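There are 2 protein chains.
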Amino acid sequence: MHGDTRLAPWNGLSAPEMQLLQTTFWSAGGSRHGMAARLGFSRSKANSLIAGLLDQGLLTEAGPRESTGGRRAEHLRLHADLGLLLAVDIGATSLDVAVLQPDLTVLAHAAEPADVRKGPGVVLARVRELMRGLLQRCGAQPAQVLGIGIGVPGPVDFDSGQLVNPPLMPGWDGFSIRDDLREEYGAPVFVDNDVNLMALGELWRLQRQLPNFLVIKVGTGIGCGIVCHGEVYRGAAGSAGDVGHICVDHDGPRCHCGNVGCVEAMAAGPAIVRMAVAAAEAGESPLLAEHLRTHGRIDAVDVGHAMRAGDVAANGIIQQAGTLIGQMLASVVNFFNPSHVFIGGGLTHIGPLFLAAVRQSVYQRSLALSTRHLEIQYTPLGAQGGVIGAGVLAMHESLKVGRALA
Amino acid sequence: MHGDTRLAPWNGLSAPEMQLLQTTFWSAGGSRHGMAARLGFSRSKANSLIAGLLDQGLLTEAGPRESTGGRRAEHLRLHADLGLLLAVDIGATSLDVAVLQPDLTVLAHAAEPADVRKGPGVVLARVRELMRGLLQRCGAQPAQVLGIGIGVPGPVDFDSGQLVNPPLMPGWDGFSIRDDLREEYGAPVFVDNDVNLMALGELWRLQRQLPNFLVIKVGTGIGCGIVCHGEVYRGAAGSAGDVGHICVDHDGPRCHCGNVGCVEAMAAGPAIVRMAVAAAEAGESPLLAEHLRTHGRIDAVDVGHAMRAGDVAANGIIQQAGTLIGQMLASVVNFFNPSHVFIGGGLTHIGPLFLAAVRQSVYQRSLALSTRHLEIQYTPLGAQGGVIGAGVLAMHESLKVGRALA
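Residue numbers (the numbering used here), protein chains in the order written: chain A, 35 to 440; chain B, 35 to 440.
Rather than coming from a laboratory, the hints here were simulated on the basis of the structure.
Note that the structure is predicted; figures quoted are calculated from it, not measured.
Keep in mind that a hint or two might mislead.
Claimed, not checked - Here are the simulated DSS-like pairs of lysine-lysine, each with C-alpha atoms no more than 30 angstroms apart in a straight line:
{"no.": "1", "chain 1": "B", "residue 1": "K152", "chain 2": "A", "residue 2": "K434"}
{"no.": "2", "chain 1": "B", "residue 1": "K152", "chain 2": "A", "residue 2": "K79"}
{"no.": "3", "chain 1": "B", "residue 1": "K434", "chain 2": "B", "residue 2": "K79"}
{"no.": "4", "chain 1": "B", "residue 1": "K79", "chain 2": "A", "residue 2": "K152"}
{"no.": "5", "chain 1": "B", "residue 1": "K79", "chain 2": "A", "residue 2": "K434"}
{"no.": "6", "chain 1": "A", "residue 1": "K434", "chain 2": "A", "residue 2": "K152"}
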């Protein structure tokens, strides 16, 4: 309905063939045998389907993986010739755009500071420029794009692709990024909350082997991606994981949401910066005062540097932020009993002490049964989590949509 | 492996026939047409399967339901001759046992006070007596029992059926109720946390139409049953929903779990009783003082009576408990974004003011997007929720186990 309808490369495949493509995508380099087992197909049925998909150039088979001991196991991947994915991670203060192959190999990547408060007109114009530039760098055409995945730092109505009252994104309320970008590429556009995409990225990295885990993003805000029963869980109204406004201090400062003592108001990036500036101005931290004098500003990572250089005030600020975040997490862990909590976002650059403070606070406040096997660590995908998650969204949803591209 | 193996009435059925039995159970009186639609079967396939199951006496077809306007729709149910279910709800201070038909019609029910702290020997001996008595009252034989479902007020390892460190059940740690009861009836025994069973019961009542909701039980303790993606969610270690130890006051009293300010220590039944006794002794409540003098004790429901009779102190106590529970729920609602929260357990007998206080507190503390469509109400199944949930567990799991009964 938007101009010419391009057909997806997988147009006309049977249901078992589509299942095989999807499973190949999610098991990133799995063997034929593993694929058959996952799908509950007989080995001969799997082999015949795979042979067909290899013939049609939809799958590719590469040499043996890192030795698994026994005989060589070829591994299957989605074929690079299927097309390309565009992945966009819009942060509150940053913009990441990448071109990926269907197996999520990153072909080109651009990252730059940005201010999401400038609104959709300015930000999406820049997104378009970056996408065009990156495709050119890859020598690729717009028509090769299979799907576009976009993460934003606010609540999204997943079905309509619209932002709903995003507190960090004034001017974007009710805006449909999907409709805005769909025309140019004739490819489907999928939009989700940035933390949901980080969760989706980790789920893909884990080949869906962990069914119940959380991803916490700590940056300008604090949000949580939830994986439950092996799927990203978005909640009844798409706002699940909005943990930034959980109260950790009934006598705490007022938050922009109207309540007091929200963990986001007391422990996210801006709160850390505020505490650091106060410490510098009060003469409690020579290092932070020096930094403020020289650069005119302090950011959260500077506080980490000061801490590593032995600054006592910086150390206290990071301990306090980690402890408050751990308090919020303790409530969430008691409720959800996840196997893993992965922490990502800008504040992870502060270093291991922050993580240690979070851990200590959670283990102290949660019930023994909830934490007996709980692992808390930084997100393994790290800074790439946003664009990888956006790539997973684009490929996974495009394969679900099926036949036509736009 | 436990004596003679009895075969289930559905032994030997095909996979589509088993799916039809399961769907009939979960759609409680659905029409042929609805059943076919739910299963993705053609109408003729569904009709032929249903005819076979009616012939074998596994399903029964009753007259039209309450008029739905158009032509009469027969509705299908599991046949009463399939056998019986035993449902047991072990509370901290009560015991409920019921005999149910496969469609969860209650044939006989016994409820009495009990003290779970007396340990498995005493409590399960009484459970056995009640089960035998109820079966006799129904004129039924032990061999007719298809499955036994049991709810307990503590964390259960669902796969092994063992209790894990149950704080309200000293002496039950590591005990397997399943192994203890399996011999007598030669039927499978399934054990779960009482709140998970309340959630399962409501899910059945709702015919699985609400995918994401919570059930909060407020009695001696406070717990939460979670339904996510249409299934009861038990967490990585089976302790999901353990919300009683979420902190609502960092300066609050110490809880038996070792932390301070747990909502359970400040707002569950024993806390309400403690506050009521204190108010009576301090001369703040003539009504509660009179009750204490006459009966030597006060329970939570008495506080509700005093409140309805206009007692200001009782009113304040119930307001405070509801507000604290609402504070805990606000965190949980921000995180989980459920469509509904159903509140059950002994404290619901206190009346509507308690619910009003909970609601007010949640709506004030949660984000607008999380509460826009949120409904908070008392559990529709009410006091029957425990045994209905245990019956759902017994029937659902027995149908999953399939062929042999024990």
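So which of those numbered hints doesn't the model satisfy?
1, 2, 4 and 6
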